[in-house]
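In the order they appear, the protein sequences are chains A and B. One point on numbering: in the numbering used here, the residue at position 131 of the first sequence is 446, and numbering is uninterrupted. One point on numbering: in the numbering used here, the residue at position 70 of the second sequence is 385, and numbering is uninterrupted.
Since the hints were derived computationally from the structure, they do not count as laboratory data. Hints are supplied without guarantee of correctness; some may be wrong.
Where chains are identical, the list cannot tell them apart; a pair therefore holds if satisfied intra-copy or between any two copies.
As the list claims (entries may be wrong) - Computed cross-link-like contacts, DSSO-like style, restricted to lysine-lysine with a CA-CA straight-line distance of at most 27 Å:
no.	residue 1	residue 2
1	Lys540	Lys564
2	Lys396	Lys480
3	Lys326	Lys576
4	Lys476	Lys448
5	Lys345	Lys425
6	Lys342	Lys425
7	Lys328	Lys342
8	Lys448	Lys342
9	Lys399	Lys496
10	Lys448	Lys328
11	Lys360	Lys342
12	Lys326	Lys480
Protein chains: 2
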Amino acid sequence: MTRSQLIEQIKIKKNFLCVGLDPDIEKIPKHILANEDDPIYEFNKRIIDATADHCVSFKPNTAFYEAYGLLGIASLEKTLKYIKQNYPEHFLIADAKRGDIGNTSTMYAKAFFQRLNCDAITVAPYMGSDSVKPFLNYENKWAIVLGLTSNEGSADFQQQKINGKELYLNVIETCASWGTKDNMMFVVGATKAEMLSQIRQIVPEHFLLVPGVGAQGGSLSEVCKHGLIKDIGLLVNSSRGIIYASGGKDFAEKAAEEAKKMANEMKQFIK
Amino acid sequence: MTRSQLIEQIKIKKNFLCVGLDPDIEKIPKHILANEDDPIYEFNKRIIDATADHCVSFKPNTAFYEAYGLLGIASLEKTLKYIKQNYPEHFLIADAKRGDIGNTSTMYAKAFFQRLNCDAITVAPYMGSDSVKPFLNYENKWAIVLGLTSNEGSADFQQQKINGKELYLNVIETCASWGTKDNMMFVVGATKAEMLSQIRQIVPEHFLLVPGVGAQGGSLSEVCKHGLIKDIGLLVNSSRGIIYASGGKDFAEKAAEEAKKMANEMKQFIK
Numbered sequence: 316m317t318r319s320q321l322i323e324q325i326k327i328k329k330n331f332l333c334v335g336l337d338p339d340i341e342k343i344p345k346h347i348l349a350n351e352d353d354p355i356y357e358f359n360k361r362i363i364d365a366t367a368d369h370c371v372s373f374k375p376n377t378a379f380y381e382a383y384g385l386l387g388i389a390s391l392e393k394t395l396k397y398i399k400q401n402y403p404e405h406f407l408i409a410d411a412k413r414g415d416i417g418n419t420s421t422m423y424a425k426a427f428f429q430r431l432n433c434d435a436i437t438v439a440p441y442m443g444s445d446s447v448k449p450f451l452n453y454e455n456k457w458a459i460v461l462g463l464t465s466n467e468g469s470a471d472f473q474q475q476k477i478n479g480k481e482l483y484l485n486v487i488e489t490c491a492s493w494g495t496k497d498n499m500m501f502v503v504g505a506t507k508a509e510m511l512s513q514i515r516q517i518v519p520e521h522f523l524l525v526p527g528v529g530a531q532g533g534s535l536s537e538v539c540k541h542g543l544i545k546d547i548g549l550l551v552n553s554s555r556g557i558i559y560a561s562g563g564k565d566f567a568e569k570a571a572e573e574a575k576k577m578a579n580e581m582k583q584f585i586k
Numbered sequence: 316m317t318r319s320q321l322i323e324q325i326k327i328k329k330n331f332l333c334v335g336l337d338p339d340i341e342k343i344p345k346h347i348l349a350n351e352d353d354p355i356y357e358f359n360k361r362i363i364d365a366t367a368d369h370c371v372s373f374k375p376n377t378a379f380y381e382a383y384g385l386l387g388i389a390s391l392e393k394t395l396k397y398i399k400q401n402y403p404e405h406f407l408i409a410d411a412k413r414g415d416i417g418n419t420s421t422m423y424a425k426a427f428f429q430r431l432n433c434d435a436i437t438v439a440p441y442m443g444s445d446s447v448k449p450f451l452n453y454e455n456k457w458a459i460v461l462g463l464t465s466n467e468g469s470a471d472f473q474q475q476k477i478n479g480k481e482l483y484l485n486v487i488e489t490c491a492s493w494g495t496k497d498n499m500m501f502v503v504g505a506t507k508a509e510m511l512s513q514i515r516q517i518v519p520e521h522f523l524l525v526p527g528v529g530a531q532g533g534s535l536s537e538v539c540k541h542g543l544i545k546d547i548g549l550l551v552n553s554s555r556g557i558i559y560a561s562g563g564k565d566f567a568e569k570a571a572e573e574a575k576k577m578a579n580e581m582k583q584f585i586k
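If we strip away everything but chain A, and leave its shape as in the complex, we get (with noise of 0.2 Å):
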């Protein structure tokens, strides 16, 4: 997906929101994993649906199926493909978080973009050029680099100083000039939204993915206040506010509720 079909879509609906799909075995409703030969995938299918027409972009964390093993991934194969399929304007992420040596990143950018068509997918810094750069050679395609995240963690690496600057400017920075606007985006934790502002000076026109708005406690004005741009130019994320929002039969319409809400409030901050 182009820079500017992403931004038309936003428009369209009027919200930059992305719904994680974190499936967790002792989370999904109890009706689901009794009933379904494939539960993640029931669970998933029936989230997407109700949410579907509240959200922009879909972001499955691929630990959540990885963790289940072959079954788990065949789960996360088969919700990948039925977004594909029934919702080809919604632009997909893989939560994947992967960074390798070269040939060895060149492998994933395969896995995800060829094999598994996602539009996206988190890629880890720490390793540097090579380890990013082959996620940049596929067309329409985007890397989603780890700039500052929104857990406690962050505070360990990524907040020290290099220079004078810390290393989350540094990394977007660098990262920035092997890539464009129109094939990378960062992350950028909620939970931290005036750090935003001198994001903003280093890459005005990059897309931003922000988790840690809801569950992690970040706030949606806060995020707009200093990083929305002209183009948008964020996709705010909630995982466990959304599709965890009722653990009973009512599941879908609950996150189908909480996605609107989320939605509406993004609402007045585009034009």
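Assemble chain B onto chain A, guided by the hints.
Here is chain B on its own, set in the frame of chain A:
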């Protein structure tokens, strides 16, 4: 596997070789591709049987399996099982370079340690403490944290200085404070062997997993000169140099020869 069990194996076999299992369809011998239902597994099995006597560890890189989707993951799982069943004294590393927020890293730890029964997993440190610590909660299991990698891109961030000290030294020092020499190792590329001296000052007793000897140009004697300790403290990996030593019908014998050659070179360093 415990630290003392690993050291014991090294002393019995008189080598500290890890064979990297990175199967690539374009390099697997044609007769295997033509005649086997699961050529990746069959290739691995023969490489494992041929090299097991000359090494103490196996390390499949998960990217090379994920690239082939469900079939690739099935080959990986069969390979891991085959090693555990037939060579339980070999230290089994999943080279997955995972790392995510706490609850997600917990899912990965569960997948690789509990379900797949690996001894160790490689971990990317960029996201900090909560991304690393979940891998330290399993008895006799190991997190192998990326310190200084052997690729070109390691210069981009790892070798940048924070308060006068390179990021990789900061990473190794900080991560070492979260674990012990009994549940944590570090990846340190052989192409920068002289940097091992500095690393040894910070972690005098930790095991180091060293890629980059052989195909990538690192020197074994340099690595030993700067990295060897009383308890050995090194696992030196070779992948391509061993498993693709020949592309013909003799691939397993040639792999054995290469592994044996490396093992013999190591012998002189073990008292």
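Same-copy or cross-copy closeness of Lys540 to Lys564 [CA-CA at most 27 Å]:
neither (37 Å within a copy, 64 Å between copies)
At most 27 Å between alpha carbons: which applies to Lys399 and Lys496, within, between, both or neither?
within (23 Å within a copy, 46 Å between copies)
Within a copy, between copies, both or neither: which one fits Lys345 and Lys425 at a CA-CA cutoff of 27 Å?
The answer is between: 22 Å across copies meets 27 Å, while 36 Å in one copy does not.
Using 27 Å as the alpha-carbon threshold, which applies to Lys326 and Lys480: within, between, both, or neither?
neither (35 Å within a copy, 47 Å between copies)
Given identical chains, is Lys326 near Lys576, meaning Cα to Cα at most 27 Å, within a copy, between copies, both, or neither?
within (17 Å within a copy, 63 Å between copies)
Checking Lys396 and Lys480: alpha-carbon separation at most 27 Å within a copy, between copies, both or neither?
neither (42 Å within a copy, 47 Å between copies)
Can you give me the call for Lys448 and Lys342, within, between, both or neither, at a CA distance of at most 27 Å?
Classified as between; 23 Å across copies, 37 Å inside a copy.
Copy assignment of Lys448 with Lys328, given that the CA separation must stay at most 27 Å
neither (32 Å within a copy, 40 Å between copies)
With identical chains treated as interchangeable, where does the CA-CA distance between Lys342 and Lys425 reach 27 Å or less: within a copy, between copies, both, or neither?
between (32 Å within a copy, 17 Å between copies)
Intra/inter-copy verdict for Lys328 and Lys342 if alpha-carbon distance must be at most 27 Å:
neither (29 Å within a copy, 47 Å between copies)
Under a CA distance limit of 27 Å, which applies to Lys476 and Lys448: within one copy, between copies, both, or neither?
Both ways: Lys476 and Lys448 sit 25 Å apart in one copy and 23 Å across, limit 27 Å.
Intra- versus inter-subunit Cα pairing at 27 Å for Lys360 with Lys342
within (16 Å within a copy, 38 Å between copies)
When held up to the earlier numbered hints, the structure conflicts with 1, 2, 7, 10, 12 and fits the remainder.
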